[in-house]
Every structure is written in structure tokens, then in C-alpha cells.
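A.B. asks: Sequence:
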Amino acid sequence: MPVEFLRGALLGTRVVVRTTVPGGLTDALGYLRLVDRETCEVETKRGLVSLRLADVVAAKEVPPPPPRRAPRMPVR
Numbered sequence: 003m004p005v006e007f008l009r010g011a012l013l014g015t016r017v018v019v020r021t022t023v024p025g026g027l028t029d030a031l032g033y034l035r036l037v038d039r040e041t042c043e044v045e046t047k048r049g050l051v052s053l054r055l056a057d058v059v060a061a062k063e064v065p066p067p068p069p070r071r072a073p074r075m076p077v078r
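In terms of my numbering, the sequence shown opens at residue 3 and continues consecutively.
Calculated from the structure, these hints are not laboratory results. Virtual Cβ for every residue (Gly too), placed ideally from N, Cα, C. Possibly wrong hints are sitting among the right ones.
Said to hold, decoys possible - Okay, the calculated beta carbon distance ranges per label pair:
(1) R48 - F7: 20 to 26 angstroms
(2) T41 - P76: 43 to 49 angstroms
(3) S52 - R78: 21 to 27 angstroms
(4) R9 - R78: 52 to 58 angstroms
(5) R71 - T15: 23 to 29 angstroms
(6) T46 - M3: 21 to 27 angstroms
Whole structure, please, built from the sequences with the hints as guidance.
C.D. replies: What follows is the structure, given as C-alpha cells:
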């Protein structure tokens with residue numbers, strides 16, 4: 003079911019994708035950039051991550067990130 007979600011999601015959708023890795027699980031949080039027969043690509047803060055669809059165990063749409071806070075001005 004998570005793979006079907008990814009295949010049906012619009013490119014540019016903000017997603018979190020959980021995949022298996024040696025020793026456990028890992029998450030990729032970012033914008034869906036590509037989905038093909040075997041992989042999907044998610045643009046994260048650290049760059050583009052390519053994930054094998056065979057390793058995906060969960061995926062869902064997530065809301066936009068919270069707005070950045072304005073820097074605090076020093077008190078004088």
C-alpha cells in the first residue's frame with residue numbers, strides 16, 4: 003500500500019518514506035521528485051535521496067514545514 007501511495011502522489015508532494023536498512027529502519031522526509039518502477043527520489047534537507055521501492059515499509063503525505071522564526075533582537 004505505501005508503494006501505491008507513492009506511485010499515485012503528485013511530484014512535489016511533501017512526504018515521509020520509511021525504508022528498511024541493515025540493522026533497522028530509516029525515514030526520508032522531503033519532497034517527492036521521482037517515482038519509477040523500482041525507485042523513488044525524495045529531496046531532503048541533505049539532498050536528493052534515492053530509495054528502492056522494494057525497501058519501502060511506510061509512506062505518507064506530511065504537512066508543510068513550520069514557518070521559520072525571525073531572529074531575536076538583543077535586548078539593550
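A.B. asks: Next step is simple, just say for each hint if it's right about the structure.
C.D. replies: Right, here's what the structure says about each hint:
A hinted range of 20 to 26 angstroms holds for the C-beta pair R48 and F7, which are about 23 angstroms apart. Checked against the hint of 43 to 49 angstroms, the C-beta distance between T41 and P76 comes to roughly 48 angstroms, which is consistent with it. Take S52 and R78: their Cβ atoms lie about 50 angstroms apart, and the range 21 to 27 angstroms is violated. Against the hinted window of 52 to 58 angstroms, the Cβ-Cβ separation of R9 and R78 comes to about 56 angstroms, which satisfies the hint.
The beta-carbon spacing between R71 and T15, approximately 25 angstroms, falls within the hinted interval of 23 to 29 angstroms. In this structure the hint that T46 and M3 lie 21 to 27 angstroms apart at CB holds, the actual value being about 23 angstroms.
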